[in-house]
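Novice: Chain order of the listed sequences is A and B. Residue numbers for the first sequence, in the working numbering: 1 to 435. Residue numbers for the second sequence, in the working numbering: 436 to 690.
If you're looking for bench data, these hints aren't it; they were derived computationally from the structure. Glycine included, each C-beta is placed from N, C-alpha and C at the ideal position. Just so you know, not all the hints are guaranteed correct.
Computed beta-carbon distance windows for the label pairs [unchecked claim]:
1. A:Gly277 to B:Pro558: 37 to 45 Å
2. B:Val448 to A:Arg110: 44 to 52 Å
3. B:Glu678 to A:Ser132: 45 to 53 Å
4. A:Lys252 to B:Asp559: 32 to 40 Å
Listed next, the stretches of chain B that the computed footprint assigns to chain A, with coverage defined by at least 3 CB atoms under 8 Å from CB atoms of chain A [what the hints assert, rightly or not]:
5. 445-452
6. 594-607
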Amino acid sequence: MDSSLRKVQDVWEQDTAIVEGVDISGPWNRMFGQRVIWNYTPELIDEIASFPGAESFAWCYQCGKCVPVCPVDVVGDYGPRKLYRKAQTGISLLDSPDLWLCTTCMNCLRVCPKQVDMVQIMPAVREQALLSGRPLPAELQEALENTARYGNPLGQPPRKREAWVKDAGVPVPILHQIQRPVEWLWWVECYPSYHPRGIDASIALARIFHALGLDFGILGREEKCAGDSQRLAGERGLFEMLAEENIRTLSKYEFRHIVVTDPHALNAFRKQYPKYGGQYDVWHYTTLLARELPRLHPLLTRQLPYRLTFHDPCYLGRHNGEYDAPRQLIEALPGVEFTEMPRCRQNSYCCGGGGGGMWLDSFAAGRQRRRLSEERVLEAVATGADTLVICCPYEVSRFEDAVKSTGYEGRLRVRDIAELLAEAMGLIGEEPAKA
Amino acid sequence: MTLAVILKQVPDVVEELAIDPSGTDLDRDSVSYVVNEFDEHALEEALLLREATGEDVVVVGVDTTGELDQALYTALAKGAQRAVKLVGDVEGSWLSTRALAGLLAPVIRELSPRLVLTGVQAPDDLDGQLAPTLGALLDWPHTGVVVGTELADGLVRVRKELWGGIMLDLELATPAVLGIQAARATPRYVPVGRVRQAMRESTIEEVEVETPVESAPKLSRLRAPEAAGRAEMLTGSPSDVVERILEILRARGLY
Ligand code: SF4
Ligand code: SF4
């Protein structure tokens, strides 16, 4: 016998035990006696759970299901279980860089048996960090200051928000100019209004809407960031200010539905704006276009010789349950081959841009083996695809940068579904509409 | 004791500035205002001093824009104790630095602060006259281009930047007036919720002032910048453009 093994004391067993008719007498009911398991103080856990919204932090029972599905753990060392364990051992989430690494992608909540909800916990704890005057990463501070001052995180002039319209090549009615009701109010959002690649997708989408004869209009310079990612980054006050202003602006105009380019805006309008009195019928553009497929089909006349794969945006898929519309649109594209990535739909990987991650890129990159966007690009390349299809405006810049940094430039292109549809309709060329 | 910080709003150049048809003013309807960036640093430096010594921070400004409240409430939310706003017929006018200093001097004397901190310069005070003029009017010592401060008994130790990155440490008897180039830390973030709370819960003290009659130069015309004609538009493939950029950088000895 191995001499290092020793007989465990305090083993208890009952000679006779019959439970619900099953005889478990003797060794079958063996139990250890009381052992010390409270080798930590629960104070930091209690502190976190005391913040409104963060209560579920304390419910974790350390089963570990969340860690392997956490996209941040795949490239680093993360996940709710680990955050809980760190709090047990005296590391406060409030003062740790961990506070800024969660992208609120919601994959952990999908598998957590205890409903530990990082999508609520993270903004609640981050808000406390901000309110207590703790410093925040400089990139994020700049994005928040820009949003407060200019209504967009890029720091672009508010009046230029509608400037892309002049390159659209089709009429894009702006509500403060046309002064008439529209059926669809198109909420363009910040990156699709200002970022060059976002503008490419906006132009493509404007042409598709126009070709379908949709009665639509945009707010132009009156639109401000919907603010959801700023909220998730902990700036609830800023979010409330934006929501109040946007709701006031929307109340000036008549429209029946809102169509959004950005899944983060979709999330804000569906789940947050109603709390501030803004009730709208909101659609993501992929959902709207999928509904219009019978009319779209005959217009999709050009063959696209591309091998595609598709990235589910966290805030369209897991957060808002839309997995099918983008796929229906992709499958309607003539000539394409479509392959799913291994992590797709409910288990989709995260681009790293959510929950404020869009403005924490260097901060996070310094703490991870590779960026989440790079991890995802490698997964896309492994499918043999030549085009990574996206439908969230955060992704185009993130993935295009990642394609460059992983050395796949020229082998993988990143294109919005709207760009591919517009190309198949002959509305734009293979190159971006406004290169 | 108190630390007085002077805040001034200046036109935000993120939006293109337009000139009013009169030709002597900006088109004020289209201008939005931000706090002069150096004044933000002056405030941050004062808040850092407060954290070290417990002084009260008082922010003071002349409301020429009609929108100064926002800047003052933000300063209160960041941790200032009091805000004083000079109001009157100055609203809607551009004050010369000398006139501004003239309005501020008696109010600041009344506050009897240990230090006065303001931005080393501003877009409408590029030669950085505010701090020296105030110092002269108050007859208090002054220095500018300050990048760090420390309060001691009856004096303030100041670090300032000279040419070529040389640093100079000085001591000034207090009260003194400082033109701040950069605070020791990035101006802090203040959550919007805190600003809104300050708007609900704090009050801004007001002091009536009149535009001084002064012998200042008269503005005859504002002009939009004229293209210098030296810009070169680079065209061609990305690699051609890169080649050309490298060429230009090499020609200028930058690469
Ligand atoms: S899945 Fe839920 S309960 Fe299990 S370790 Fe993760 S957070 Fe805790
Ligand atoms: S929400 Fe996503 S990133 Fe955050 S802990 Fe859960 S799985 Fe990880």
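Novice: Are the hints correct? Go through all of them and say.
Specialist: Hint check results:
{"no.": "1", "hint": "A:Gly277 to B:Pro558: 37 to 45 Å", "in the structure": "holds, 40 Å"}
{"no.": "2", "hint": "B:Val448 to A:Arg110: 44 to 52 Å", "in the structure": "holds, 47 Å"}
{"no.": "3", "hint": "B:Glu678 to A:Ser132: 45 to 53 Å", "in the structure": "holds, 52 Å"}
{"no.": "4", "hint": "A:Lys252 to B:Asp559: 32 to 40 Å", "in the structure": "holds, 36 Å"}
{"no.": "5", "hint": "445-452", "in the structure": "holds (count 4)"}
{"no.": "6", "hint": "594-607", "in the structure": "violated (count 0)"}
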